[in-house]
Structure formats: C-alpha cells, structure tokens
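Undergrad: Sequence:
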Amino acid sequence: MKVIDYKLNADLVRINVVEDESDLPEFHRFVEANHNALGFDTETDGLSWWEDGFRIRLAQFGNAYESYVLPTERGGQFQEDVIKAVGWVKKLVMQNGTYDILCMDRVWGVKAETVFPRLLDSRIIAHLVDSRGRKDGGIGHSLEELTRHYLSAAVADEVKGSMTAIAKELRVKKAEVWPLIPLEHEGFNLYAGMDPVLAYRLAKLLKPKIPATARKLLAYEHELAAVCAYMVRKGIKADVPYVRDRANELARTEVHFKEVAARLGLENINSPKQVGEAIVARGITITGRTPTGQPKVDDHLLKAHIDDPLCEAIYQGKKAAKAKSTWFDNALNNRDSDDRLHAAINSMGARTARMSISGAIPAQTFPSGDSLVRRGFIADEGMSICAVDYKAQELRVLAALSGDKAMKKAFREGTDLHQITADSAGVDRSTGKMAGFLTVYGGGWAALASQAGVSEETARRAIDGFFAAFPRVKEYSEELQKEARRNGYITTITGRRLLVDRQRPYAALNYAVQSASRDVTGRAIIRLFEAGYGPFMLLPVHDEVIFQFPSEHALAATTKAAQIMKETMSGVLIDTDVSVYGKSWGCGYMAKGQYCDLCDIIHQEEK
DNA sequence: TCGTGACGCACC
DNA sequence: AAACGGTGCGTCACGA
1 MKVIDYKLNA DLVRINVVED ESDLPEFHRF VEANHNALGF DTETDGLSWW EDGFRIRLAQ
61 FGNAYESYVL PTERGGQFQE DVIKAVGWVK KLVMQNGTYD ILCMDRVWGV KAETVFPRLL
121 DSRIIAHLVD SRGRKDGGIG HSLEELTRHY LSAAVADEVK GSMTAIAKEL RVKKAEVWPL
181 IPLEHEGFNL YAGMDPVLAY RLAKLLKPKI PATARKLLAY EHELAAVCAY MVRKGIKADV
241 PYVRDRANEL ARTEVHFKEV AARLGLENIN SPKQVGEAIV ARGITITGRT PTGQPKVDDH
301 LLKAHIDDPL CEAIYQGKKA AKAKSTWFDN ALNNRDSDDR LHAAINSMGA RTARMSISGA
361 IPAQTFPSGD SLVRRGFIAD EGMSICAVDY KAQELRVLAA LSGDKAMKKA FREGTDLHQI
421 TADSAGVDRS TGKMAGFLTV YGGGWAALAS QAGVSEETAR RAIDGFFAAF PRVKEYSEEL
481 QKEARRNGYI TTITGRRLLV DRQRPYAALN YAVQSASRDV TGRAIIRLFE AGYGPFMLLP
541 VHDEVIFQFP SEHALAATTK AAQIMKETMS GVLIDTDVSV YGKSWGCGYM AKGQYCDLCD
601 IIHQEEK
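Each residue of the first sequence is one higher than the last, beginning at 1 in the working numbering.
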C-alpha cells in the first residue's frame, strides 16, 4: 500500500493506493466500515466509453477523510473486488455518475440498472442549489468549479493543475494523457484519490442547501438521469454507407467553392476578417456590427448578395464544411463496433434544467427542414423509427402557468392561436406567430422587427396585439419579474429555484416556461419508463421523444406512448402528436414525392 | 502548444 | 417603456 497524505484546508486526507493483492484486505475493511455511503469515481482511457478496448484504469472509493485507489486496469482480483464493492455499498456518491456507470456497464458488464438506484450525484445536487453555469454568474457544476467555491480554491488549483503538469511531463496533450499515464504515477494517484473525497464532501455540504421547494426534485432528477443513460447506452444505429456518401459529397462541394473563392482572391472562407475585407473589396457595404464592433459577416448578409459569385462561394463552402464536420464526420468517427452512435445526454444541461444532447448525436442541431442528417440514423432490424412530440409545448405551458383565459380557450377549442394574435394586431399570421414566440423568449418589438423583417410600427402593433389578446400573459410576466427583483430568483411550478440576473428580469418568463416545459417532458420520460417503454426509447429532444418499435406494431405503440406523455396542467391539455417515420429517422422529414431507398416508397406527405 | 473568447449557425 | 430565453460545436485569433 502506498499512502499519500494530503491537506484539505485544516483536514488531513489519507489516500491509500492499492499496489498488490496483499493490500486488498485493508480495502475490504474500509468498505465494510463505510458501507452505508461512499464516494466513488473512476479514471478511464478517455471519454469514448463505447470503443472496443476502452479501459477503466483506476477505481476510487472514499469518504470525507480517506480514500482507496485500485488499479482495475490490471484486472483480476482488483477489478473483481471493485465490482463487489460497487454492488455492496448502499449509497454511491459520484460527480456525474452517469459517465462512470456507463463505463462500468460497457467495460465490466455491471448493469447500470443495479447502480443507478443507489446513486447520489453531487452534480445533480449542485444544479438544484444553483442552476447557473460559471459564465452565467453562478458557481458552475464541474468538480473543479464546485471544489473551488465550496471546499478549497487551493485544492481545485492543485487537482486541476496536477494533470496539466503530468501531461507536460509526459510531453503529450492534456486530452491524451489518460491512456498513457502509468498507473502508479503519484500525481495521478493523488488526483484520482481526491475525486471521491471531494464528491462525498460536496454532496454532504450541498444537500442541505437545496431549497425546500426543490427537495422533492432530487429523486426525480436521479430517475431521469438513469433513464437518459439507458437511452445513451443503447445508442442509435448509423447507416454508414449513407453517412459516408454524404460526407464525400460535402467534401467535394467544399473543395469546389473554396477553389471559386480562391480564384476570386479569398484565401480562407472561414476567417471572418478575411471574408469581411474581401466582400468590401467587391463594393458591398457591411452595415451590421458584432457586439465587439467588428463588421458583421453572417448568413443574412451573404444571402442578401447571393448573386455575387464570391458571396455564394463563401456561403455554400462554409455550409458544406460545417455540415460535414459537425454531423457526418462526427458520426463516422464516433461509431462503436456495431456502427451505433451514443449521444451524451446532460439531463440537467441548461440553467432551466432543460436537457442538452451532444457528442456523437448532437440532436439539438439537426436540420429540421429536411432528411439530410436524420436519414443517417436507422432503426434496428424489423423496427421503425417513431416519435411523439408535444404540440406547441411552450405556449401550452404558458397558457397553463399564466392562466390566460383566451389562450386556454384557444387550446381547448383548437383555434389558431397565432391567427388570434394576427387579428388582434392587424398583422399577418406569420408576424403574429413570431410575436408569440418572441414574447416567450422575453423579446420586444425591436427584436421582432429585425427578425420578421417588418417595420418597427408593425412590430409594435404585433406585440401589443399579442398582449391585448392574451392579457394575463403580460400580468404573469410582471408578477414573475417582481418576484425575481424581490428575491433574486423565481420558483417554478415544480419547485425549482431559478436565479434571475438583476439586469435581465424580463428573462424570468422564459425561465418559468422553459423549465416547466422541460419538466413536462421529464415526467413523461419517467412515466414511459415505468410503463415498460424503456427498451424502445432512443432519445429525448426537448419537446419530443424518439422511439423504435417493431414495425408491425409501430402505430399502436407510438399512439399508446403519446397517451402516456400527455398531461393536463392547470386545466390545459399538454397535447401530443404521433409520428411513425419508417426505417430511418429521416423518413419523417422527406419532401413530398421524394423516394426513400430504405423503405422503398415515395413519400406522400410533407412534414 | 494549449486554452479561451468571439463569432456564427444548427436547433427548441 | 423596453428588454431575444436556452443549448453545442467549429473555426479563427490571440495571449499565456
């Protein structure tokens, strides 16, 4: 046994590094003495846990004062004893436990279902205490950020710095250090050994800080994280030939337009500076400015001058390059050995707790107008991709939360809400629609004018018209702002405390609506799981859930799922829509008349 | 060389 | 009176 003593403020923390099998009895005694609750963490090869040959190099258990580091990479008794301890400890305190649980499931075959019920996640607790990231003026939710704020800045610096120093020592990039570092490296052992201690301490310290109204969310958030992890574990099959074809096609497009740009004297289409200069040189005036005062070169400008060959080349070239790398290369590079892709779902991503879906399946950014990207995701043999989405989820939630009579009535009777706004304001429907959405986002007439491309006067009329049609919405927003000014935070309908910036009280309405909507989807995901839909759920995307069902039962099963997902909030039905796509996710996004080579049919309906 | 901020763009 | 909310990611440009 190697012992490292470390000072955390006034406390001494002892890190015991298991070196050979004769050290294991002492580890057993430690686990037995602490079997009610222990901090836990692993150190792995990297982040791509789905790759063959991926290793869990170290596993660490600890309480507030002591930890044990075990070299699981050496397999045998070390790995076996860690698996036993993981199965035995009543409460496992982890920082972002989803990651370690997925690793253990994949690498060791420790079923995630056996670990999640005993997880206490310090990140979930921290989010319920203060949902803001560091950039938003909060503490943040990473182990380093939480340690720095709640425990010790010195320890945060040292632990973070230690891996940077080791990378330097080994002459590799920081991201490459994990598979290379020797298991017995003392700095690595220290870094590893402190993690479960910090997670354990943070959970203990932060749990009492959860606002009383939000305490009931703790169990729910852990369940939700678990169901999301099960979806991540399963993954979605990629249609590799399709994805490869698109990547190659986009590469050709990119090369072509880069050559066009080069002939016209522009070296780098991705450099905003170069692009700006080149466009001005062609006699085009750039009026827009970025927040830092630079000439604004964006989609809007390029589209306005799409007749200019250089503008067209920049626009098309950039678009192709971005699409290729973000969606197609990403998919090809992150497949597992069965050509499945595994998203990273952060079940409490945003400050409103809205989930984020990123990594190998950045579903949040998939183009919604066509099948280009979604076509690359296919159902398993004999299955069909299906989806249930909420109809105008945020507006229905707004109706429920505000209690606006007219808005509730519109949803009850199925009348067109945006037309009501349009009629009230004397504007066209699309402007009325934008006024509604923009109001939920806290926007005003100026934003509407620039976004909808209408005059300031029309924009003012549209916003006024929206509030005239739905007067309770304005009152509700004002009530929330008052609450935010008084307390510095609002409490959502589910009891979540959301801090509101003093300078932006108008954001309170959006927070309330966005967060309540997220919880509508979150509760639905748990109901689906409890009803036995777990094996068929593939991915949540904000206001929808993607499934695959056996093709012969697809419509019936999706319809049943849609029933389960529906709920009534303050008398407003948060209604759902059913979609049965086909063999690929893209089948639902195909244009009318477009032929689908997978399903071997011509699509009749436009999305 | 690496990390980070700025920017732009894909979404809900 | 007015106020554009929330993400992830790729690239460039800059500074430690």
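Think of the hints as simulated: they come from the structure by calculation, not from any bench.
Ideal placement from N, C-alpha and C gives every residue a C-beta, glycine not left out.
Possibly wrong hints are sitting among the right ones.
Okay, derived cross-link-like pairs now, SDA-like style, lysine to any residue, Cα gap no bigger than 25 angstroms in a straight line [to be verified]:
no., residue 1, residue 2
1, K408, I493
2, K207, I306
3, K174, K296
4, K234, R55
5, K174, K209
6, K322, K204
7, K90, P241
8, K273, K234
9, K173, G137
10, K209, Q563
11, K474, A449
12, K204, G138
13, K204, A247
14, K296, Y150
15, K592, L573
16, K303, Q274
Pair by pair, the computed Cβ-Cβ distance ranges are [as the list claims (entries may be wrong)]:
no., residue 1, residue 2, range
17, P309, R485, 39 to 45 angstroms
18, G369, Y441, 19 to 25 angstroms
19, A447, I306, 46 to 52 angstroms
20, Y441, K173, 24 to 30 angstroms
21, R502, L12, 38 to 44 angstroms
22, N36, P291, 49 to 55 angstroms
23, Q451, D11, 52 to 58 angstroms
24, G369, R502, 34 to 40 angstroms
25, Y220, D338, 21 to 27 angstroms
Undergrad: Run the distance test for K296 versus Y150: straight-line Cα separation, threshold 25 angstroms.
TA: 41 angstroms, violated
Undergrad: Are the Cα positions of K204 and A247 separated by 25 angstroms at most?
TA: Since the Cα atoms of K204 and A247 sit roughly 48 angstroms apart, the hinted pair is violated (cutoff 25 angstroms).
Undergrad: K474 and A449: Cα distance at most 25 angstroms?
TA: 20 angstroms, holds
Undergrad: Within 25 angstroms, alpha carbon to alpha carbon, are K174 and K209?
TA: Distance of about 34 angstroms is beyond 25 angstroms: violated.
Undergrad: If you draw a straight line from the CA of K209 to the CA of Q563, is it 25 angstroms or shorter?
TA: With Cα atoms ~37 angstroms apart, K209 and Q563 exceed 25 angstroms; violated.
Undergrad: Check the hint pairing K234 with R55 against an upper bound of 25 angstroms on the C-alpha distance.
TA: This hinted pair holds, its Cα atoms lying about 19 angstroms apart.
Undergrad: What's the verdict on K408 and I493, does the C-alpha distance respect the 25 angstroms limit or exceed it?
TA: At roughly 17 angstroms apart (the allowed maximum being 25 angstroms), I493 and K408 satisfy the hint.
Undergrad: Taking the beta carbons of R502 and L12, is their distance inside 38 to 44 angstroms?
TA: 41 angstroms, holds
Undergrad: At the C-beta level, are Y220 and D338 separated by a distance inside 21 to 27 angstroms?
TA: Since the Cβ atoms of Y220 and D338 sit about 32 angstroms apart, the hinted range of 21 to 27 angstroms is violated.
Undergrad: May I ask you to test the hint 52 to 58 angstroms on the CB atoms belonging to Q451 and D11?
TA: Because 55 angstroms falls inside the window, the suggested range holds.
Undergrad: Assess, step by step, whether the Cα of K173 is no farther than 25 angstroms from the Cα of G137, and give holds or violated.
TA: Between K173 and G137 the Cα gap is close to 30 angstroms, so the pair fails against 25 angstroms, i.e. violated.
Undergrad: Please test the hint of 34 to 40 angstroms on the beta carbon pair from G369 and R502.
TA: 39 angstroms, holds
Taken one by one, the earlier hints fail for this structure at numbers 2, 3, 5, 6, 7, 8, 9, 10, 13, 14, 15, 17, 19, 20, 25, listed in ascending order.
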